[in-house]
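Using the hints, position chain B with the ligands against chain A.
Chains A and B, in that order, give the protein sequences.
At position 239 of the first sequence (counting the first as 1) the number is 239 in this note's numbering, and the numbers step up by one without a gap.
At position 93 of the second sequence (counting the first as 1) the number is 93 in this note's numbering, and the numbers step up by one without a gap.
Simulated from the structure, these hints should not be mistaken for lab results.
As the structure is a prediction and not an experimental result, all values here were calculated from the model.
A hint or two may mislead.
Derived pair list, reagent style DSS-like, types lysine-lysine, alpha-carbon separation capped at 27 Å [said to hold, decoys possible]:
1) K290(A) / K108(B)
2) K2(B) / K168(B)
3) K43(A) / K168(B)
4) K112(A) / K220(B)
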Amino acid sequence: MSVLVYTENWDGLFKKQSFELVSYASAVAGMMNTKVTALSIGKVDAEELGKLGNWGAEKIINAVSDELTVFDSQAYTGIIADIARAEGSKVIIFSNNISGKALAPRLSVRLKAGIGAGVSKLPLSIEPFTVYKRTYSGNAFAHLVINSDVKILTLAQNSFDLTEKPTGAVPETINVSIDSSPVRTVVTDRVQQTGKILLTDAEIVVSGGRGMKSPDNWGPLVELASLLNAATACSRPVSDEGWRPHEEHTGQTGKMIAPNLYIAVGISGATQHLAGVSSSKYIVAINNDKDAPIFEAAQYGIVGDALKILPKLVDAVKGLKK
Amino acid sequence: MKILVCISNVPDTTTKIKFADGNTSIDTAGIQWVINPWDELSLTRALELKDDQANGVKSVTVAHVGPASSEPTIRKALAIGADDAIRINASASDAYYTAFQLAEVIRKEGFDMIICGIESSDFNGSAVGGMVAEFLGIPSVSSVSGIRFEGGSPLLTREIDGGRETVKVTAPFVAIVQKGIAKEPRIASMRGIMTARTKPVKVYEPVAADSLTTVAGFEKPAPRAACRYIDPENPAQLIDLLQNEAKVI
Ligand SMILES: Cc1cc2nc3c(=O)[nH]c(=O)nc-3n(C[C@H](O)[C@H](O)[C@H](O)COP(=O)(O)OP(=O)(O)OC[C@H]3O[C@@H](n4cnc5c(N)ncnc54)[C@H](O)[C@@H]3O)c2cc1C
Ligand SMILES: Nc1ncnc2c1ncn2[C@@H]1O[C@H](COP(=O)(O)O)[C@@H](O)[C@H]1O
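Bound-form chain A, shown alone (with noise of 0.2 Å):
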C-alpha cells in the first residue's frame, strides 16, 4: 500500500506546485498511516529529484523512455498505472493542472478508481474516504465520497502549504517500455514564451477590467505587476477587444487561478468572474463604484479612479524596495 503523487516536471525541473503536491501526499499518507512514492515521467537529475525527498517523499521514482518524446496521454497513463499497480497504491494524487487533468481521468477508468476532483484541502475522512471539492464554479463545496477500492485526488493548486519532511529517499531511475499504449500523438510546433511569470504559477496577480479604460492605460498596472513580481491578468472583455493578449483571461471561461493574492483594477466583479479567482487567498479591490460586486469578494478596497490610484500604489511600492 502507498500514496502515489505524480510529480511533473518542466523540462527536468520542478516547481514550488510540485513539493506541495508531495507535501499534501505526505499528509494524506499520514492520515493513512503509509508512505509516499513520487513518480516523475521523462529525464530528471538525481539531485533535482532529491529535492522530493525534502517534503516527505520516501520513495522517488524516475520512469524514462527513449519513445517518449511528446505529452501523450495514453501512453503517460499505461506507466502511470503499471507502477500504481507495481506500488498497490490506493491513493494517486496529481496536481488538477493542464497535465493532471488530461491523465487522471484516463488512469480512473484503467484502474477503476474513483476521482475527487479539484480538491483544497485534506480528506474530511478516510472511512468512508470523503474529500472536499469544488462545485458549481466556486459556488459550493461537495463531500465527495469515493467508494472504489483506488482513489484519484487532483488538489487544486497553492491550496496546501508546503511542509519540510526530509527523507534522504535515494532516486531510482527506472526504463519503462510503452508497447501497450504507442504514442499516437504527433506534435508538428509548439510556441512557448520564456521568461515570463506564467499567470498559473503567479503567488500575486494584479488583474485589469474595462474600467481601465484602454489599452493605453495599462503601463502602471504592468509596473506594479513587476515590481510585485506578479503575474498580469484581465477579464473576458478585455481579451475580446485586444486589449491584452488572451491568455490573461481569467473567469469561468479563462483560467482559474488561486494566488496569494488578486488586485483587481477596474473589474466589476461579475460571477464569471468571480469563478476564476475566488479561491485566491486574499482580493483588493479598486474601483470607481463603491456598489460593484468585487467589494463583497474582496477583504481590501479602495473606492476611487484607478488611473490615478495605480502611479500611487506604484510609488508606494517603490518605496518598499528601497
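Frame of chain A, contents of chain B with the ligands only:
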C-alpha cells in the same frame, strides 16, 4: 467525418445555488437550465467546421446523458444547428457512469471526432472526456483551444504551460476543449428553432455500469470577511496592510 459533441445540462451561470434535503441535493426551483458553456462553444466550432464543405464533415450529433427533463436543452442544441441528437435516459450522477454510457453509444454509432468540454460548470469534474477516450481505447487531446482541418484531416491546437502546440492524432479521438475553441456561441435562428422540432432524437436506455462516487452533502463557501476600505487619497496604506497585516507581499 462524423462529429459528436457531448453536452451537459447545467444551471445558468448566474444562478444563485441553493440546496435542499438537508444540503444533500440542489434546489431546482426557479433554475434556468442551459447547455454547459464549453459544450455550446464546442457545438459552435463543430458547426463552423461542417459549414466549410472542404472539410468533409458529414454530420454533427449531440449526445447527452440525462432524464427526459433535459429535452429542452437538447432541442436548443438542435436549434443551433446539430443534425440529430442522442439521449441516454439515465441520471448522470457520477463521471465514470456517465462516460461509460457515452462510450457504449459511441461504439454502437461510430464517430470520428468526439468533443467534450474541459469541465461542466456544475460538477467541475474535468473527467468525462478523458474517461470516454479510455473506455474506447482511443487517443485524447486535452486543453484544446483550436480545431481546424488541413488536407482533409484535423489539426488541434493545445495549450501547454506558457505556450501552445499543434497536434495531429489518428481518428477516432476525443478532443477536450477549453478557451479559444470558438469566439461566441452560435445563436439559434428562427428557422433553426422551427426545424429543431422535427430533427431526430434517439433515446437509448442505459446499460449496467458502476458509479464510483457519491455526493454526501454540499456546503456553501465560508463567507469572506467584510471588505476593509482604504482612503483613496492615501493608497500607500494598502501596500502597508498587504505587507504587515495580510503578509502577502
Ligand atoms: C457564459 C459566460 C461566461 C463568462 N466568462 C467570463 C470569464 O471567464 N471572465 C470574465 O471576466 N468575464 C466573463 N464573462 C463576462 C462577465 O459576465 C462580465 O461581463 C465581465 O466579467 C465584466 O468585465 P469587467 O469587470 O472588466 O467590465 P465591466 O463589468 O464593464 O466593469 C468595469 C468596472 O470598472 C469600474 N470602473 C470604470 N471606470 C473606472 C475607473 N476610472 N477606475 C476604477 N474603476 C472603474 C466600473 O465601476 C465597473 O465596475 C462571462 C459571461 C458569460 C455570459
Ligand atoms: N451528462 C452528460 N451528458 C453528456 N456529456 C456530458 C455529461 N456530463 C459531462 N459531459 C461532457 O463532459 C465534459 C466535462 O464534464 P465534467 O467531467 O462533469 O466536468 C462536459 O463539458 C461535457 O462535454
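How the hints compare with the structure:
This hinted pair does not check out: K290(A) and K108(B) have alpha carbons roughly 57 Å apart, beyond 27 Å. Using a Cα cut-off of 27 Å, the hinted pair K2(B) and K168(B) holds, with the two alpha carbons roughly 17 Å apart. About 24 Å separates the Cα atoms of K43(A) and K168(B), which keeps this hinted pair within 27 Å; it holds. The straight-line distance between the Cα atoms of K112(A) and K220(B) is roughly 30 Å, outside the 27 Å bound, and the hint therefore fails.
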